[in-house]
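**Student:** These protein sequences, in sequence, are chains A and B.
So for the first sequence, the numbering used here puts the first residue at 663; every next one is plus one.
So for the second sequence, the numbering used here puts the first residue at 140; every next one is plus one.
Accuracy of the hints is not assured; some may be wrong.
What the hints assert, rightly or not - Okay, the calculated beta carbon distance ranges per label pair:
| # | chain 1 | residue 1 | chain 2 | residue 2 | range |
| --- | --- | --- | --- | --- | --- |
| 1 | A | Leu690 | B | Leu258 | 51 to 57 Å |
| 2 | B | Ala153 | A | Ala979 | 47 to 53 Å |
| 3 | B | Leu491 | A | Phe701 | 50 to 56 Å |
| 4 | A | Ser888 | B | Arg533 | 31 to 37 Å |
| 5 | A | Gly821 | B | Gln522 | 31 to 37 Å |
| 6 | B | Ser521 | A | Leu975 | 37 to 43 Å |
The set of hints was computed from the structure by calculation and includes no laboratory data.
C-beta: ideal position from N, C-alpha, C; glycine also.
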Amino acid sequence: MNDSPPAQVIEANRFDFWAFLTRNATMLALVALIVFNAFFTNHFLSMQTLYVNLTQVATIVIVGVGMTLVIATGGIDLSVGSLMAISGAIAPLIFLGTAVHIGEIHLAVAVGMIVAVAAAGAFGWFNGWLITRFRIQPIIATLVLFIAGRGIAQVSTNGNLQPFKLSQFQWIGLGRWFGVPVQVVIMIVLVAAATWMLKRSLFGRQILATGGNENAARLAGIPVASVKRWVYCISGLCSGVAGLVVIAINSSSDANLVGLGMELDAIAAVAVGGTLLSGGRATVTGTLIGALIIQLVRYTLLANGVNDDVAKLVKAALIVLAVWLQRQGRA
Amino acid sequence: MDSVEHPDRQNLLAIHNISKAFAGISALSSASLDVGHAEVHALVGQNGAGKSTLIKILTGYMSRDAGDIKFDGGTFEARSPQDAQAKGISTIYQEINLVPYRSITENICLGRERRRFGLLDWKTMHEEARHLMARFNVEFDVSKPLLSFNTATQQMVAIARAIGFEAKLVIMDEPTSSLDEREVAVLFDVIRQLKQSGISVIFVSHKLDELYAVCDRVTIMRDGRTVKTSDMKSISKIELVASMLGRDIAQVSKNATAFGGRKGKIGDVLLEAQGLNAGHKVQNVSLSVKRGEIVGLAGLLGAGRTETARLIFGADPMHTGSLLLDAKPFVPREPIDAIGQGIGFSSEDRKLEGIIPEMSLAENMTLALMPQLSRLGIVDESQQRAIVEKFITRLGIKCSGPGQRIRELSGGNQQKVLLARWLAMNPKLLILDEPTRGIDVGAKGEIQTLIKELADQGLGVLMVSSELEEVIEGSDRIFVLREGHNVAEFAGKQISEAAVMAAMAHGNSDGQEIKS
Chain A
663 MNDSPPAQVI EANRFDFWAF LTRNATMLAL VALIVFNAFF TNHFLSMQTL
713 YVNLTQVATI VIVGVGMTLV IATGGIDLSV GSLMAISGAI APLIFLGTAV
763 HIGEIHLAVA VGMIVAVAAA GAFGWFNGWL ITRFRIQPII ATLVLFIAGR
813 GIAQVSTNGN LQPFKLSQFQ WIGLGRWFGV PVQVVIMIVL VAAATWMLKR
863 SLFGRQILAT GGNENAARLA GIPVASVKRW VYCISGLCSG VAGLVVIAIN
913 SSSDANLVGL GMELDAIAAV AVGGTLLSGG RATVTGTLIG ALIIQLVRYT
963 LLANGVNDDV AKLVKAALIV LAVWLQRQGR A
Chain B
140 MDSVEHPDRQ NLLAIHNISK AFAGISALSS ASLDVGHAEV HALVGQNGAG
190 KSTLIKILTG YMSRDAGDIK FDGGTFEARS PQDAQAKGIS TIYQEINLVP
240 YRSITENICL GRERRRFGLL DWKTMHEEAR HLMARFNVEF DVSKPLLSFN
290 TATQQMVAIA RAIGFEAKLV IMDEPTSSLD EREVAVLFDV IRQLKQSGIS
340 VIFVSHKLDE LYAVCDRVTI MRDGRTVKTS DMKSISKIEL VASMLGRDIA
390 QVSKNATAFG GRKGKIGDVL LEAQGLNAGH KVQNVSLSVK RGEIVGLAGL
440 LGAGRTETAR LIFGADPMHT GSLLLDAKPF VPREPIDAIG QGIGFSSEDR
490 KLEGIIPEMS LAENMTLALM PQLSRLGIVD ESQQRAIVEK FITRLGIKCS
540 GPGQRIRELS GGNQQKVLLA RWLAMNPKLL ILDEPTRGID VGAKGEIQTL
590 IKELADQGLG VLMVSSELEE VIEGSDRIFV LREGHNVAEF AGKQISEAAV
640 MAAMAHGNSD GQEIKS
């Protein structure tokens with residue numbers, strides 16, 4: 663008679679209902695956009711349109727994967743754009759032989775790419791170290807490299823533009839595997855790996871526990887400091903890869919431009935995708951969908967002759983809507 | 140303010156047949172409550188009995204579906220908490236809802252600031268605040284920010300604020316849950332003063348002793364109904380508990396006697412702490428726990444109980460001192476070190492340091508066990524499910540399933556999940572900080588019984604509790620802390636309420652002599 667009060671069960675159902683709605687609202691928005699374009703945008707339903715959009719969104723999603731993990735721990739990473747610039751500056755220094763000379767071009771490219779991505783990862787780890795060692799707020803700690811990172815990239819190239827035409831390297835931005843653009847494949851692999859990791863792995867649980875309640879996580883024996891250092895490191899690695907994709911597409915590396923504004927695009931994709939910005943709940947596929955929505959809205963507006971500045975307003979409105987939906991889900 | 144008792148005992152507040160349903164499920168059905176003038180009226184019931192819903196309707200947080208409320212001679216309708224406050228009903232919550240960075244004066248006058256020539260009239264406001272606080276017989280610097288005072292003082296400020304708003308009825312929702320015994324005594328004095336100046340109080344509490352100390356009448360709620368109203372004097376504790384649980388008296392008293400017995404044998408020393416120091420909060424504290432023994436850590440709020448427990452678990456840095464676990468030196472730098480040695484720790488603050496609200500019951504329960512549940516970094520889901528289901532059954536956790544989010548469970552069930560978090564790793568020593576705080580009587584009894592059973596099976600338990608009753612009835616041995624020092628140790632027959640209280644208050648270090 664005195665068993666579990668029925669009011670709680672109802673409440674539970676209501677929460678699930680809202681969570682369901684929130685998750686599917688983003689999916690529904692994506693479907694609606696595709697349907698709209700199918701009718702009103704010329705030549706929309708073609709592989710070319712698909713690849714154009716996926717190619718443009720790939721770097722945002724690649725960075726967004728790392729950003730999702732960072733935000734899942736309750737943090738934020740403003741340095742991603744600058745880390746892309748660093749990675750984009752280092753790789754050509756090596757494969758063009760400016761910094762070190764490696765005779766064999768394939769080896770030079772491989773070393774260049776690995777060193778570039780590893781450097782970005784190391785800077786990411788440095789972010790995590792600042793945050794955990796000195797208890798600096800993530801937004802401030804990553805602001806350090808947001809500002810300094812682009813300077814580091816500039817200094818390492820003496821401020822020079824590094825143009826190149828090198829198919830052994832540019833496959834990462836221009837090539838195709840089984841007909842699919844390489845960066846799209848990389849994006850899909852990263853999204854799948856991160857999704858699986860969050861759901862099934864020990865590290866994924868530790869990330870969500872740290873973001874969900876750091877004190878409780880620590881008292882349950884979770885090494886929160888090392889978890890945080892690792893997610894910032896992963897975010898750096900993702901940025902490094904994205905930096906390589908961008909310079910490969912551009913056939914040149916300009917430390918001033920690579921990854922400019924990327925932090926905001928990535929955060930927007932994460933927010934629209936339904937990851938809790940306060941941490942503890944994250945969806946990497948949501949980030950993918952979020953990035954696709956932002957991209958498709960922009961594409962739709964441009965394809966139908968609307969100014970890019972107006973597209974930015976719509977993007978902002980989408981973020982507001984996403985945050986509003988999250989609040990509804992938690993109310 | 141006028142005289143004390145109304146001879147005809149006409150009611151100040153008459154709530155009649157209030158009903159409220161959420162999505163078709165009834166939360167309140169025909170609940171009625173009468174509160175007289177200058178009466179302290181207790182409102183009790185298990186979690187989910189409908190106390191908070193009733194109070195929320197009364198104070199304008201929620202609307203009602205049916206029923207009527209009369210207050211101070213007229214019909215009463217509050218559109219918002221502010222409206223209720225303006226009409227004479229103020230509420231003081233468990234978590235004090237004042238502005239911590241502002242001064243006492245600002246908090247008391249917030250919303251009805253005095254102005255002079257368009258500017259704030261600080262002189263008048265400070266005077267008013269001082270006048271209102273003077274009734275507590277303690278001198279306060281009313282210009283200091285609220286956060287520089289302890290919880291008890293902050294509560295006094297909340298009460299002073301209510302009086303400043305000329306409240307006729309003050310609702311106190313578990314006001315003593317974060318106070319120590321001395322502060323509770325001060326609060327009770329304040330309540331008696333309120334009564335003398337003609338103000339009525341609705342007093343919500345889980346602690347039975349408090350009701351008898353300060354309340355005139357009690358209304359008991361169960362399953363959304365008000366099942367009984369009685370004079371405090373003419374109802375026994377057993378009857379009260381029986382009404383709350385909806386059981387007959389014979390059964391409750393049988394449970395009450397069964398609670399005291401211990402079957403298990405107490406073994407050799409498991410943990411030995413020598414001269415622990417950490418700042419001024421823990422000074423030279425020594426204690427020990429044997430296998431199969433429940434050791435209580437008693438003391439007033441701020442005596443260093445929680446701090447000592449956290450040192451042993453590696454949650455806070457230890458300055459000096461030594462720990463022996465199974466006669467081997469043990470230096471926990473982080474909680475994970477203690478966990479690795481088979482020590483579990485359940486924090487006093489379930490919300491801030493216990494549950495991970497976004498995670499499921501299952502994920503919360505296996506949080507500390509995850510490394511063992513994983514192979515090559517991958518969580519073994521089927522093994523996890525088996526463990527979770529075992530503990531849901533064993534501890535009687537009420538939930539819709541292992542995947543339910545923990546924040547949707549009641550406090551008692553959350554606490555059971557957190558206990559299971561440690562039991563699942565089969566610990567040697569369990570440190571429990573306030574294991575039954577803020578949970579209903581039924582779940583409380585179940586958890587206390589469980590702790591005894593675990594000790595009977597050989598687990599060592601170090602239990603911190605602010606409830607003297609819990610420590611005294613539940614412990615084989617008690618260490619008393621006072622202002623960071625340990626001042627007494629009692630075992631077996633030496634344990635008595637009077638002795639422990641004397642040690643807490645006076646710091647007499649010899650347990651046996653206090654008993655006289």
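**Student:** Name the hints, by number, that the structure is in violation of.
**Tutor:** 5, 6
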